[in-house]
Amino acid sequence: MRILGVDPGLRRTGFGVIDVQGATLRYVASGTIVVPSTLPLSERLKVILDNLREVARDARADQAALEKVFLNANPASTLLLGQARGAALCALADSGLAVQEYTALQIKKAVVGTGRASKEQIQIMVRHLLTLDGEPAPDAADALACAICHAHCAPLAGRLQALAPDALSSRGRRLRTGRLVS
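Following the working numbering, the residues of the sequence shown are numbered contiguously, the last one being 173.
Hints are supplied without guarantee of correctness; some may be wrong.
What the hints assert, rightly or not - Below, computed lysine-lysine pairings styled on BS3-like, alpha-carbon distance capped at 27 Å:
1) Lys59 - Lys100
2) Lys100 - Lys110
3) Lys59 - Lys37
4) Lys110 - Lys59
Everything labelled a hint here was simulated from the structure, so no lab data went into it.
Required output: the full structure, derived from the provided sequences and hints.
So, in structure tokens, the structure goes:
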């Protein structure tokens, strides 16, 4: 399975592609889409859309993973990040990819083992897990981490999804965002 991970941002959007075979992860490609801040918002979003479409086409990924928006102290920044995410989601959907979303906490826990991991810790672990010669750039490392998180979480989510919905509901449980809840 080939996974395209995306760390969306209005100024810098990271992407990373990995191959997964069983428990083996293999680095394919990564990079950062740098969006000129001098462009109007609509054109900045188009840069993200067009470049991610091209990345998805070239990567020939089977699935995509995207980091979810977090809320920060500045609502305007959160809104702008949401628009960048929207452009990224449209590019991935337009490329025919199934997209799974993960929070920063989920990604950090899957890659580093703690939800409070720093950017540097993520870079180090991505380098280690993918046996890279050097540390990837921060945005590319975040995107690769998102792809790694999906590689770790997707098999279990697939097995849970395959369970008959009746078997879950007969026990008073249901599946929500990959977790069984009562």
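Status of the hints after comparison with the structure:
1. Distance restraint check for lysine 59 and lysine 100: the Cα-Cα separation of roughly 15 Å lies within the 27 Å cut-off, and the hinted pair is therefore satisfied.
2. Between lysine 100 and lysine 110 the alpha-carbon distance is near 13 Å, which keeps this suggested pair within the 27 Å criterion.
3. As the CA atoms of lysine 59 and lysine 37 are separated by approximately 20 Å, the hinted pair is consistent with the 27 Å bound.
4. Between lysine 110 and lysine 59 the alpha-carbon distance is near 17 Å, which keeps this suggested pair within the 27 Å criterion.
Hint check: no violations occur; every hint is consistent with the structure.
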